[in-house]
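With the hints as constraints, model all of the structure from the sequences given.
Chain residues, written in single-letter form:
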Amino acid sequence: EAAVTQSPRNKVAVTGGKVTLSCNQTNNHNNMYWYRQDTGHGLRLIHYSYGAGSTEKGDIPDGYKASRPSQENFSLILELATPSQTSVYFCASGDRVSNERLFFGHGTKLSVL
Amino acid sequence: AQKVTQTQTSISVMEKTTVTMDCVYETRDSSYFLFWYKQTASGEIVFLIRQDSYKKENATEGHYSLNFQKPKSSIGLIITATQIEDSAVYFCAMRENSNYQLIWGSGTKLIIKP
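Note that the protein sequences, when read in sequence, are chains A and B. Under the numbering used here, the first residue of the first sequence is numbered 1, with each subsequent residue one higher. Under the numbering used here, the first residue of the second sequence is numbered 1, with each subsequent residue one higher.
Honestly, I wouldn't trust all of these hints.
List time: in silico DSS-like cross-link candidates among lysine-lysine, alpha-carbon distance up to 25 angstroms [claimed, not checked]:
| id | chain 1 | residue 1 | chain 2 | residue 2 |
| --- | --- | --- | --- | --- |
| 1 | A | 109 | B | 109 |
| 2 | B | 109 | B | 16 |
| 3 | A | 65 | A | 109 |
| 4 | A | 57 | A | 109 |
| 5 | A | 18 | A | 65 |
| 6 | A | 57 | B | 3 |
Distance ranges between label pairs, derived from CB positions [unchecked claim]:
| id | chain 1 | residue 1 | chain 2 | residue 2 | range |
| --- | --- | --- | --- | --- | --- |
| 7 | A | 111 | B | 41 | 42 to 48 angstroms |
| 8 | A | 53 | B | 113 | 36 to 42 angstroms |
| 9 | B | 7 | A | 57 | 28 to 34 angstroms |
| 10 | A | 18 | B | 57 | 47 to 53 angstroms |
| 11 | B | 11 | A | 111 | 27 to 33 angstroms |
| 12 | B | 26 | A | 54 | 25 to 31 angstroms |
| 13 | A | 26 | B | 56 | 35 to 41 angstroms |
| 14 | B | 78 | A | 50 | 31 to 37 angstroms |
| 15 | B | 2 | A | 53 | 37 to 43 angstroms |
Going by beta-carbon spacing under 10 angstroms, a handful of chain A positions derived as facing chain B [unchecked claim]:
| id | residue |
| --- | --- |
| 16 | 92 |
| 17 | 95 |
| 18 | 109 |
It should be emphasised that the hints constitute simulated quantities derived from the structure, not laboratory data. Idealized CB from N, CA, C, for every residue including glycine.
Below, the structure written as structure tokens:
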């Protein structure tokens, strides 16, 4: 079964600090995605990637950077964290090989104080 | 513009009954994919079922099936013989063939009562 692992599972950060959320997939999928989920909203796409070395902006990229150094790893970086970035973040992978279905990590709960 | 709408915020049904959750979508593409995902109370998000726009027959997967009404841009999820563990939030999503991004609905919370 395909696996997507996120770390950390929980994170408390201070306003203005740098936060890095990591995601690793063992599925060999080309596409990886970072979403955030807030109460009352569905999943909102922050950044995504088509493969190693590529990153693309999603619907809400402001305040976030992404890095895809390898097929397996995709990071989300908050250079200057703000309280409005308090949320649950999900990483996912998927491509034509998986018949377009996405496999999700368990999520990272981020609190910015 | 692409859009996915789930108007039912919450549904509550008795165990062992059948429930239908609604979803309508907007797209200009002639080819697209429609998905349903389930998010459990623990936060885990899992894929349930998929419908390709060019297929006329409704997709089925275990006790999940779809009611695909293309002229109405509608893709309902039907769960038969519901169980307590079906209690979750269900998301509808669409991907156009020309775009790798999934467009998500806001979700429907399903509560199964014993």
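Here is how each hint holds up against the structure:
1. Annotation: proposed proximity of residue 109 of chain A to residue 109 of chain B holds, straight-line Cα distance about 21 angstroms (limit 25 angstroms).
2. Only pairs whose Cα atoms come within 25 angstroms are accepted, and residue 109 of chain B paired with residue 16 of chain B is accepted, the gap being roughly 17 angstroms.
3. A hinted pair counts as satisfied when its Cα atoms are at most 25 angstroms apart, and residue 65 of chain A with residue 109 of chain A qualifies at roughly 18 angstroms.
4. Between residue 57 of chain A and residue 109 of chain A, the direct Cα distance comes to roughly 22 angstroms. Compliance with the 25 angstroms bound is thereby established for this hinted pair.
5. Restraint check: the Cα-Cα separation between residue 18 of chain A and residue 65 of chain A comes to about 11 angstroms, which is no more than 25 angstroms; the hinted pair holds.
6. For the given pair, residue 57 of chain A sits about 18 angstroms from residue 3 of chain B by alpha-carbon distance, which is consistent with the 25 angstroms threshold.
7. Take residue 111 of chain A and residue 41 of chain B: their Cβ atoms lie about 20 angstroms apart, and the range 42 to 48 angstroms is violated.
8. For the pair residue 53 of chain A and residue 113 of chain B, the beta carbons lie near 50 angstroms from each other, so the given range of 36 to 42 angstroms is not met.
9. About 29 angstroms separates the C-beta atoms of residue 7 of chain B and residue 57 of chain A, a value consistent with the hinted range of 28 to 34 angstroms.
10. Separation of residue 18 of chain A from residue 57 of chain B is about 51 angstroms and conforms to the stated range, judged on CB atoms against 47 to 53 angstroms.
11. Remark: the range hint 27 to 33 angstroms for residue 11 of chain B to residue 111 of chain A is upheld by a beta-carbon distance near 31 angstroms.
12. The beta-carbon spacing between residue 26 of chain B and residue 54 of chain A, approximately 28 angstroms, falls within the hinted interval of 25 to 31 angstroms.
13. A C-beta distance of roughly 36 angstroms is found between residue 26 of chain A and residue 56 of chain B, which places it inside the suggested range of 35 to 41 angstroms.
14. Our hint of 31 to 37 angstroms for residue 78 of chain B and residue 50 of chain A holds, since their Cβ atoms are close to 34 angstroms apart.
15. Restraint check, residue 2 of chain B to residue 53 of chain A: a C-beta distance of roughly 27 angstroms breaks the suggested window 37 to 43 angstroms.
16. Satisfaction of the interface hint for residue 92 of chain A is found here, the shortest Cβ-Cβ separation to chain B being roughly 8 angstroms, below the 10 angstroms cut-off.
17. The closest approach between the C-beta of residue 95 of chain A and any C-beta of chain B is roughly 8 angstroms, which is under the 10 angstroms cut-off, so the hint is satisfied.
18. Look at residue 109 of chain A: its Cβ gets to within about 8 angstroms of chain B, closer than 10 angstroms, so that hint holds up.
Against the hints set out earlier in the document, violations occur for numbers 7, 8, 15.
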